[in-house]
Amino acid sequence: MTGITLFGLTGALVIGLGVFGLVARHHLVHRVLAFNLIGSGIFLLFGALASRSPNGTDPVPQALVITGIVVALAATALAVTLITRFAEASGRTHLPDDSEDGDGAV
Amino acid sequence: MTALAFDTLLAIAIAATAAGAVVARGLYASIALFIIYGLMLAVAWVRLEAIDVALAEAAIGAGLTGILLVGAAARCRAVERRTGAIGDGSGERRTLLRTIQGAMAGVLAAAVGAAVLLLPDSAPGLTATVAGTIERSGVSNPVTAVLLNFRGYDTLLESMVLVVALVGVWSLGAEQFWGGRPGLKQHARTDGVLAYFGRMLPLVGLLVGIHLLWAGAHAPGGAFQAGTVLAAVWLLVAMAGLRDAPPIASMRLRLLIVVGPAWFLAVGAIGALAGSFLGLPEAFASELILAIEVLLTLSIAVTLVLLVLGVPRRTT
Numbered sequence: 001m002t003g004i005t006l007f008g009l010t011g012a013l014v015i016g017l018g019v020f021g022l023v024a025r026h027h028l029v030h031r032v033l034a035f036n037l038i039g040s041g042i043f044l045l046f047g048a049l050a051s052r053s054p055n056g057t058d059p060v061p062q063a064l065v066i067t068g069i070v071v072a073l074a075a076t077a078l079a080v081t082l083i084t085r086f087a088e089a090s091g092r093t094h095l096p097d098d099s100e101d102g103d104g105a106v
Numbered sequence: 001m002t003a004l005a006f007d008t009l010l011a012i013a014i015a016a017t018a019a020g021a022v023v024a025r026g027l028y029a030s031i032a033l034f035i036i037y038g039l040m041l042a043v044a045w046v047r048l049e050a051i052d053v054a055l056a057e058a059a060i061g062a063g064l065t066g067i068l069l070v071g072a073a074a075r076c077r078a079v080e081r082r083t084g085a086i087g088d089g090s091g092e093r094r095t096l097l098r099t100i101q102g103a104m105a106g107v108l109a110a111a112v113g114a115a116v117l118l119l120p121d122s123a124p125g126l127t128a129t130v131a132g133t134i135e136r137s138g139v140s141n142p143v144t145a146v147l148l149n150f151r152g153y154d155t156l157l158e159s160m161v162l163v164v165a166l167v168g169v170w171s172l173g174a175e176q177f178w179g180g181r182p183g184l185k186q187h188a189r190t191d192g193v194l195a196y197f198g199r200m201l202p203l204v205g206l207l208v209g210i211h212l213l214w215a216g217a218h219a220p221g222g223a224f225q226a227g228t229v230l231a232a233v234w235l236l237v238a239m240a241g242l243r244d245a246p247p248i249a250s251m252r253l254r255l256l257i258v259v260g261p262a263w264f265l266a267v268g269a270i271g272a273l274a275g276s277f278l279g280l281p282e283a284f285a286s287e288l289i290l291a292i293e294v295l296l297t298l299s300i301a302v303t304l305v306l307l308v309l310g311v312p313r314r315t316t
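Which chain is which? The protein sequence lines are A and B, in order. If you read the first sequence in the working numbering, its first letter stands for residue 1, the second for the next number, and so on. If you read the second sequence in the working numbering, its first letter stands for residue 1, the second for the next number, and so on.
For the record, the hints were derived by calculation from the structure and aren't laboratory data. Beta carbons are placed, not taken as given, at the ideal position from N, Cα and C, and that holds for glycine. Hints should not be assumed to be uniformly reliable.
For the chain A half of the interface with chain B, some residues (derived, Cβ under 7 Å), not all of them [unchecked claim]:
{"hint": "1", "residue": "ILE38"}
{"hint": "2", "residue": "ILE42"}
{"hint": "3", "residue": "SER51"}
{"hint": "4", "residue": "GLY56"}
{"hint": "5", "residue": "THR67"}
{"hint": "6", "residue": "ILE69"}
{"hint": "7", "residue": "THR76"}
{"hint": "8", "residue": "ALA77"}
{"hint": "9", "residue": "THR81"}
{"hint": "10", "residue": "ALA87"}
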């Protein structure tokens, strides 16, 4: 196995871990963190697959990933602002669960 | 052989920190592991010979995202303390549900992993295309050539996404603080470590930022990496309480936010008159890219700082 395949598989694993965190954790900040894990896992997968080019590292996927990292930050900033404003307005830091008799009073 | 051993250890470290960030009980522990994960990931990008991405991942993916998450966790903690709510609900303990969720995430990871293994070992990509036309792009760093010339519209839209996200963040603030200063007033001991770093590191940060900006034309670096380093300098000064954040009603601040994307758009529009939108004329490509990068760096730095500082919370 080459290092490139290894990082591709690592990316796949991180995507799986991120999806698990997104559905299994309840704290909203935890979910944003997990969402970022999914994103960076996809970037790593993309970068590893792009490194298979025989004539050196392909710059186009690199540029796309840099764009992606910045857009992910912009989305994260908006998400954590929504979370903190939601928490301050409702007193809750996680969404109502199905098992709790969600009165939806938020 | 040594390289593969190193890569294996690195892959294990990445997977372990990512898993730790997902399963750690405490939110702060999760965020700390996430930041370490980001730095490990940056090393993996170096191993994939993508230095530009490594810089962006370390500075933005690990650094700024980490600050955002820590800030959000602190505010949530304050709310939880006030209302007596616990952060992780009792739902965390249902084993059967966890097992099913884990199995499904595992299937997804295995499917993606199988795709990695089934793909052919070699793919031509666009390396040769970029190498063949880079002489006409005005810069010699292929990543910068793609970002600012060949796929300029990506970068233009990306810089606008940052501005739109900032407008979104500001619009979530309470109405009485509109136009005020973002975040809370920072108080740090004037003889403390933070204040000391706040005075010492900005000099280093400014030099590194300007270097990254200038080097971006021919070596790893560029507007986004440089902008992030400059943003980190400003954030450090603000967190050390040495200089307060400006009120968001400030016209000078708003001009700084839009000058980069606006100039980029203007250059693109001139290109449209000459034939193709965002097509840089070969004769001036080098100078135009430098001008775009300088203004874009300023706008990115200011926008990133304000995104991290968040909604206005004070009128003065």
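Do the hints match the structure? See the list:
1. ILE38: 10 Å, violated
2. ILE42: Hint on ILE42 of chain A: violated, closest Cβ of chain B at ~9 Å, above 7 Å.
3. SER51: Hint on SER51 of chain A: holds, closest Cβ of chain B at ~5 Å, below 7 Å.
4. GLY56: 5 Å, holds
5. THR67: 5 Å, holds
6. ILE69: Hint holds; ILE69 of chain A Cβ to chain B Cβ min 5 Å, cut 7 Å.
7. THR76: 6 Å, holds
8. ALA77: 4 Å, holds
9. THR81: Holds: closest Cβ of chain B sits about 5 Å from THR81 of chain A, inside 7 Å.
10. ALA87: 4 Å, holds
Hint violations for this structure: numbers 1, 2, all remaining hints satisfied.
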